[in-house]
Structure formats: structure tokens, C-alpha cells
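**Student:** One line per chain: the protein sequences are A and B, in this order. Following full-length UniProt numbering, the numbering of the first sequence begins with 1 at its first residue and continues without gaps. Following full-length UniProt numbering, the numbering of the second sequence begins with 1 at its first residue and continues without gaps.
One or more hints might be untrue.
With a cut-off of at most 16 Å between alpha-carbon atoms, the simulated EDC-like pairs for lysine to aspartate or glutamate come out as follows [claimed, not checked]:
id : chain 1 : residue 1 : chain 2 : residue 2
1  : B       : Lys45     : B       : Asp66
2  : B       : Lys13     : B       : Glu33
3  : A       : Lys191    : B       : Asp66
4  : A       : Lys54     : A       : Asp14
5  : A       : Lys234    : A       : Glu94
6  : A       : Lys191    : B       : Glu72
Partial list, computed: chain B residues near chain A (C-beta under 7 Å) [unchecked claim]:
id : residue
7  : Gly97
8  : Tyr99
9  : Gln102
10 : Ala105
11 : Thr119
12 : Arg123
If you are wondering where the hints come from, they were derived from the structure by calculation, not from laboratory data. Beta carbons: idealized from backbone N, C-alpha and C, even for Gly.
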Amino acid sequence: MSVFMDLNVVYSADRSSLRTVIETAAHLGFSAVAINYVFEPTSKKKQEIPTPVKINELIDQLPVVQGRSRPIRVLNRLTVVMSDSSHFRPNAAEYRCFDLLAVQPTSEKLFHAACMLYDVDIICISVTEKLPFFFKRAPINGAIDRGVVFEVSYSAAIRDSTMRRYTITNATCLMESCKGKNVILSSAAEKALELRGPYDVTNLGLLFGLSDGDAKEAVSSTCRAVLLHAETRKTASGIIYTTNSQQEAPGQQEALQEPADCEAPAAKRAKAT
Amino acid sequence: MKPAEKEEESVYKRVVLKNASPYQYMKICLVLEDESTRLSAVELKLFIISGLRNLYGEVGAALNFDLLKYDEDTLTAFLRVTSRGLVKLWSSLTLLGSYQNQACAFRVLQVSSFLLSLTGNSRDLQLD
Numbered sequence: 001m002s003v004f005m006d007l008n009v010v011y012s013a014d015r016s017s018l019r020t021v022i023e024t025a026a027h028l029g030f031s032a033v034a035i036n037y038v039f040e041p042t043s044k045k046k047q048e049i050p051t052p053v054k055i056n057e058l059i060d061q062l063p064v065v066q067g068r069s070r071p072i073r074v075l076n077r078l079t080v081v082m083s084d085s086s087h088f089r090p091n092a093a094e095y096r097c098f099d100l101l102a103v104q105p106t107s108e109k110l111f112h113a114a115c116m117l118y119d120v121d122i123i124c125i126s127v128t129e130k131l132p133f134f135f136k137r138a139p140i141n142g143a144i145d146r147g148v149v150f151e152v153s154y155s156a157a158i159r160d161s162t163m164r165r166y167t168i169t170n171a172t173c174l175m176e177s178c179k180g181k182n183v184i185l186s187s188a189a190e191k192a193l194e195l196r197g198p199y200d201v202t203n204l205g206l207l208f209g210l211s212d213g214d215a216k217e218a219v220s221s222t223c224r225a226v227l228l229h230a231e232t233r234k235t236a237s238g239i240i241y242t243t244n245s246q247q248e249a250p251g252q253q254e255a256l257q258e259p260a261d262c263e264a265p266a267a268k269r270a271k272a273t
Numbered sequence: 001m002k003p004a005e006k007e008e009e010s011v012y013k014r015v016v017l018k019n020a021s022p023y024q025y026m027k028i029c030l031v032l033e034d035e036s037t038r039l040s041a042v043e044l045k046l047f048i049i050s051g052l053r054n055l056y057g058e059v060g061a062a063l064n065f066d067l068l069k070y071d072e073d074t075l076t077a078f079l080r081v082t083s084r085g086l087v088k089l090w091s092s093l094t095l096l097g098s099y100q101n102q103a104c105a106f107r108v109l110q111v112s113s114f115l116l117s118l119t120g121n122s123r124d125l126q127l128d
């Protein structure tokens with residue numbers, strides 16, 4: 001099974017709070033988080049697309065993921081909130097600094113364009129307002145075919161009961177159309193106390209109308225698919241992973257033949273902490 | 001039935017659960033923004049019920065669950081809930097975000113259908 005990921009942690013200028021959020025995520029068992037920079041262009045004047053802060057500047061020592069003894073992976077992500085089709089510029093050089101690219105369309109036309117045309121990884125579903133449009137099957141199927149995923153974030157539901165209503169409504173609307181495929185659940189947390197553990201999020205997925213399996217995929221393997229999709233976006237058409245197959249060196253074989261005391265599995269002991 | 005057989009029965013009791021087990025047990029920990037805040041067991045249960053009521057209404061508030069054990073110093077508690085109510089209780093715990101106008105979060109540490117499994121956590125073990 002693939003590891004748990006939370007692909008939306010809101011960037012804040014306060015470094016120490018962001019660091020606390022990342023540490024909490026690692027403690028809860030997330031193996032990867034993406035720091036989200038939100039870019040909301042307004043039609044009045046031209047605005048600069050934010051540039052991501054380098055991870056090693058942000059945090060010196062990456063915290064170890066609970067239960068995996070491996071440091072957490074931190075990515076950068078840009079979300080463009082679109083209210084006009086000119087807001088998303090395909091092939092903009094500024095987008096290349098980010099590992100993940102997401103759009104949040106605010107009208108049906110833009111939603112259709114985002115699903116069928118735009119070269120993005122994630123389409124955010126608004127959770128802070130009632131949806132101004134219906135989800136139609138055709139664009140959603142198109143997005144699923146292209147490997148674009150839909151994102152529902154849950155921290156607004158923790159903050160406020162009205163937002164909770166909108167979150168559940170919009171999420172169930174989406175699940176009816178996409179049947180639980182290509183959905184990711186993420187936190188959009190600003191504070192550490194707004195993060196929830198991966199199994200909590202899975203359980204929350206059941207509330208949004210996902211099945212057991214789909215809910216778990218929404219925090220694990222679908223997120224992995226997003227990362228791979230993001231890598232293909234940067235390269236020509238695809239990516240190939242190669243790993244060395246385990247080869248037994250002669251020295252190792254001798255070691256195996258010894259009637260050793262290594263038959264017992266690795267001993268476990270309680271952590272000192 | 002012979003009395004001898006009866007005696008044997010009482011020595012070895014074999015429990016076979018044909019359906020899913022009736023109860024689920026949860027080990028939870030409450031994390032508060034202000035760490036000096038203390039809750040009594042009654043306050044904690046009321047808080048959880050208020051969360052259930054907020055999310056599921058009166059029907060949810062009527063959900064049958066018990067607070068088996070509670071440690072006031074670490075704010076760690078064991079809950080017992082009927083298997084049917086697990087998803088409801090768990091989701092309402094997840095969506096609880098504030099206690100008396102301060103931010104809080106429930107960390108669900110372990111969930112199991114056997115109370116005995118909550119005595120140890122294999123994730124806290126370290127491989128030598």
C-alpha cells in the first residue's frame with residue numbers, strides 16, 4: 001500500500017507555525033506534505049505569482065515520519081483561483097518552480113475548461129460557499145481520463161459549522177458524479193490543531209459518500225498518482241522508475257549458510273521515549 | 001446434560017463471533033491549545049456528546065457510547081461504542097475543533113474491536 005500524504009498545507013509567512021504543522025503531520029503518519037501557495041488574480045492590476053521558499057531554507061531538519069523512520073517529504077504547490085480564463089496562463093515559467101499545480105475554478109465554463117484542457121494536476125472543489133454550478137458527467141469523466149484529480153479539503157469543516165454543511169454538500173455532489181474515483185482528501189490546515197490523522201481522514205471520507213476502499217485511496221494511492229502525474233507534466237510524456245533488483249553478493253551467501261543465530265526475526269523493544 | 005460436562009464448559013469458554021463484534025474500543029487523546037486546561041470525565045463526555053449533536057442532531061446525541069477509563073493528566077480516554085456507531089462517533093470526534101473557544105483536536109490513537117489490543121501499540125516498537 002502506498003504511503004499517506006496530505007497535499008495541502010497552507011503557506012504562512014510565520015515560519016515557526018509552518019514548521020509546527022509539518023512536524024505534526026509527520027507525527028500523525030503523513031509521509032509527504034505539500035505547502036500550498038494560493039494565487040488569486042484580480043482583474044484590476046497585474047499581480048506577481050508567488051515564488052516558493054526553498055524547503056531547506058524553511059526547515060533545516062525534516063522530522064521523521066511516525067512508524068516509518070524516514071524523514072517527511074515536503075513539496076511545493078501552487079493553487080490558482082480562477083474567475084476568468086485569462087488567469088491561468090499555460091506554460092508560464094513561474095509555474096515550473098512548483099511541484100504541483102492546482103486550479104480552483106469558480107464558474108461552470110472554467111470548470112469545464114480545467115477538466116478538459118488545462119495542464120494541471122489538481123482541481124480544487126470550493127468548500128467555503130455553495131457551489132454556483134452543477135457537476136456534469138462529461139467534464140468529470142474527461143478529467144478522470146486525463147488523470148486530473150479533484151480535491152476536497154476538510155479544515156474549513158472543522159472551523160465553522162456552516163462551512164461544514166457546504167463541505168459535505170459539495171463533496172457528496174462530487175462523489176455522485178465521479179463515483180469516488182480520482183478524489184483526494186486534504187487538510188488545507190493553517191494551524192497544527194486543524195490537522196487530522198490519515199485514518200481520521202479516511203473515516204471522514206465515508207461521511208462524504210466514499211466507499212471504504214476509495215476513502216483510503218483518497219489519502220494514499222490517489223495522492224501518489226497525483227505526484228506521478230505532476231512529474232509527467234514536467235517531462236515529455238512519461239516517467240519510468242528503475243530500481244536495483246536484490247543481488248546476492250558472494251559474501252552474503254556465505255553469511256546465509258552459516259548456521260547462524262540470525263534465524264530469529266529482528267527483536268522488538270519498546271521505544272525509550 | 002451431565003453435570004461433569006457442564007463443569008468443563010465453565011472451565012473453557014469458547015467465544016465465537018459469527019457477526020462483527022458488538023463493540024469497538026477507541027483510545028483517544030484530546031489536544032488543547034492551552035495545555036493547562038483540565039477536564040473532568042463528565043465534562044469530556046458532555047463535550048463528545050455536544051460534538052455528536054452538532055454533526056448528527058438529536059439522533060446522534062442518543063448514540064450509545066461509554067467512557068471506560070480516563071486519565072485527567074494526559075487527557076487520554078478509552079471509549080466503547082457499538083460497532084454501528086463507530087463511524088458516527090469517529091467522524092464527530094474528527095470534526096470537533098474548539099472547546100470553550102479554544103482550538104482543540106482529538107487524536108485517535110488506536111481503534112480495535114478488542115479492549116485487550118489497546119494495552120500495547122505495535123507502532124511504538126522499535127526494530128533493533
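**Student:** Indicate, hint by hint, whether the structure satisfies it.
**Tutor:** So, going through the hints one by one against the coordinates:
| no. | hint | result |
| --- | --- | --- |
| 1 | B:Lys45 - B:Asp66 | holds (8 Å) |
| 2 | B:Lys13 - B:Glu33 | violated (47 Å) |
| 3 | A:Lys191 - B:Asp66 | violated (31 Å) |
| 4 | A:Lys54 - A:Asp14 | holds (15 Å) |
| 5 | A:Lys234 - A:Glu94 | holds (13 Å) |
| 6 | A:Lys191 - B:Glu72 | violated (25 Å) |
| 7 | Gly97 | holds (4 Å) |
| 8 | Tyr99 | violated (11 Å) |
| 9 | Gln102 | violated (9 Å) |
| 10 | Ala105 | holds (5 Å) |
| 11 | Thr119 | violated (12 Å) |
| 12 | Arg123 | holds (4 Å) |
When held up to the earlier numbered hints, the structure conflicts with 2, 3, 6, 8, 9 and 11 and fits the remainder.
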